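S.K.: Now for the letters of each chain:
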Amino acid sequence: MFFYYCDLAWRSIRKTPMLSMLMVLAISIGIGITITTLNVYKTMSYNPAGERSEVINSVQLWSQGLDTWDEFISSITYTDAMNLRNNDELNLKAATYRTGLALQSDNPKIEPVLQSVRVTDRDFFRIFSVPFLYGSYWDASVDLRPAYQVVISQKLNLRFFEGKNSVGKTVFLDRKPYQIVGVIEDWNPQPKYYDPLNGAFNDAEEIFIPFSLTGQEEFDVWGNTSGWKFEPMLTYSDRLASEKVWIQFWTELNSEDEKQNYHSWLTRYVEQQRAIGRFTDTAKTPAEAVQISDIDKWLEDSNVVPEDNKILVGLSLLFLSVCLVNILGLLLTKFLKRAPEVGVRRAIGASRGQIFSQYMVEVGMIGFIGGVVGLLWAWGSLTALHSYFSMDQSVTGLDASMWIITPLIAISTAVLAGVYPAWVVCRTKPSVYLKTQ
Amino acid sequence: MLSMKNISKVFKTDLVETHALRDFNLEVNEGEFVAVTGPSGSGKTTFLNIAGLLEGFSSGEYSLDGVNVSNLSDNHSAKVRNEKIGFIFQGFNLIPDLNLAENVEVPLRYRGMNASERKRRVESALEQVGLGARMKHLPTQLSGGQQQRVAIARALAGEPRFLLADEPTGNLDSLMARQVMELLENINQQGTTIIMVTHDSELARRAQRNIQIVDGQVCDFSMYQSAATGTR
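Residue numbers (the UniProt record's numbering), protein chains in the order written: chain A, 1 to 437; chain B, 1 to 232.
Treat the hints loosely; a few may be bogus.
To be verified - Derived DEER-like restraints, expressed as beta-carbon distance ranges:
1. 372(A) - 189(B): 51 to 61 angstroms
2. 317(A) - 23(B): 52 to 62 angstroms
3. 372(A) - 175(B): 31 to 41 angstroms
4. 18(B) - 11(A): 19 to 29 angstroms
What the hints assert, rightly or not - Under the rule of at most 25 angstroms between Cα atoms (straight-line distance), these lysine to any residue pairs were calculated in the SDA-like manner:
5. 176(A) - 201(A)
6. 429(A) - 70(B)
7. 84(B) - 431(A)
8. 337(A) - 96(B)
Everything labelled a hint here was simulated from the structure, so no lab data went into it.
Treat the numbers as computed from the prediction; the structure is a model and nothing was measured.
Beta carbons are placed, not taken as given, at the ideal position from N, Cα and C, and that holds for glycine.
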């Protein structure tokens, strides 16, 4: 009977093209807006770490003084970063921050360019499973004894070395020669979860250099630096010794036991720091002054999905419900107009359930068409957001799941709107209309 | 075949109660052709609606084909209508978007019949009413008489035991009315029980039995038009 109902539905839709078009339009606009906001929300709230989400952890410390911040800050001080790096109990660990350096090569045809650079440890590449095209990350010794080595992106390798294996070659960063040890394949996690604080939807950096060079090269910080007390910053050493927080610290913890052990270690660390006069806000116990966040928590705490976006999704659903009410009215008009036909069908043997099913298939079909048109609206809206408001392509690209979600939402919406009209019409008393036709 | 005992039907509003049928009693035997006449508002259509399970009734007992159908569920009523009863209406009541074959096959669809059996029955029913060559036509492309023949074909396709006709010739001119009446007589001769409501006394006389309804009650059983003895 399903295909019979589909045939009847299609005939009915064609019979009243204006009314059908109005319904499709109402659904499609509602769906278009909902899917646009939902798509942006979904893309923003995507966790690119996947299965490793619980394994990759960032560390936050309650290092502030009394009467200052009332929440954990996602970054830590250089002092703490160095201390945590020196903990040999951890298998993988990496301190990281962003800087900017002038990049040039031996090739005189390529002009120098100011480039965003990630300063980090070798374990960064292992923790975040960065894929390599040529070579690899630098040797462990480089994290202890600074060396001018660099990992570059495939894109940069293409621009500077025509895509050939450039391992062993040299690029200049702020006029200093760095030897290339690795070229990474296309790698651009969105959101940029290893550093969402500096543009969660910015592209990944194309240059990675050793963290151990920080003190020696006195890199600027291209990102947030926060402080809870006044500290004079006359030299770079002042910055490094300060209580300013600007470094993210990452580690890999493969089990709950490892997490517990590391938490205990950090608790003891907090106790030590308090003993030497740091971490002066003692409202929290040392154990409470430690936070280890997996990627889910980290992304949530970093507000990768702004609150506005959630409100927008809510508003769009509200708009969809307004569309739903309009469709309900239109369906009621359309269906009641066909009550005489229902009377005939009932008289010659259709049960209420069969009439109800027939009309629900029709609303489902209207919903499906509305969903397809709505998907086009959503695609248009996202393209417009990208073009006119310069929203990042990674956020405005139509997520593949929307091809399934959209028709489902559209059909569900239409079915929801159609239940009452179909119920009313299926309860038609056949005898009322048989005489009057 | 059909047995109604003390059937009453009361339509109630806030202010008044209208007795459409009161203590209505009727027995129709298998294979009979019964004409029902009576003045407007006498309860003819109400009787036909109750007989066709299109409406319930307030009190009494109704058996159809030996089965008490007084308190059937809606689904069960629909099933009985679909399998045992054929309807013919004054206004034809064809579905305008469907062609003749599709109109005729509607009750068969609801019966869940397979496509080849539906095709066979539709062709046979339309041949029987002389419209076998116009299966793909829409109802609007036919005359009133032809539309009524399609409605009869639709009623016949389900091979019902029982045919209910409400003023089947009311919208037709005398020639077409005669043709439709002849068709009904043929159907009756093949064994289908027919109850026909009509205003036309001449048509009523052609039935085997003529009953008259006045004020919701059967008032005259006397007019036997046929020599038949109750069962054919």
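S.K.: With reference to the structure, classify each hint as holding or not holding.
M.R.: We went through each hint and held it up to the structure:
Checking the proposed 51 to 61 angstroms range against residue 372(A) and residue 189(B) shows it holds: the Cβ atoms sit about 56 angstroms from each other. The beta-carbon spacing between residue 317(A) and residue 23(B), approximately 60 angstroms, falls within the hinted interval of 52 to 62 angstroms. Under the hint 31 to 41 angstroms, the C-beta atoms of residue 372(A) and residue 175(B), about 53 angstroms apart, miss the expected range. Roughly 39 angstroms separates the CB atoms of residue 18(B) and residue 11(A), a value that falls outside the hinted 19 to 29 angstroms.
Using a Cα cut-off of 25 angstroms, the hinted pair residue 176(A) and residue 201(A) is violated, with the two alpha carbons roughly 30 angstroms apart. As the CA atoms of residue 429(A) and residue 70(B) are separated by approximately 17 angstroms, the hinted pair is consistent with the 25 angstroms bound. With a C-alpha separation of about 18 angstroms, the suggested pair residue 84(B) and residue 431(A) falls inside the 25 angstroms cut-off, and the hint holds. Distance hint between residue 337(A) and residue 96(B) is fulfilled; the C-alpha atoms sit about 14 angstroms from each other, no more than 25 angstroms.
Consistency note: the structure conflicts with the earlier hints numbered 3, 4 and 5.
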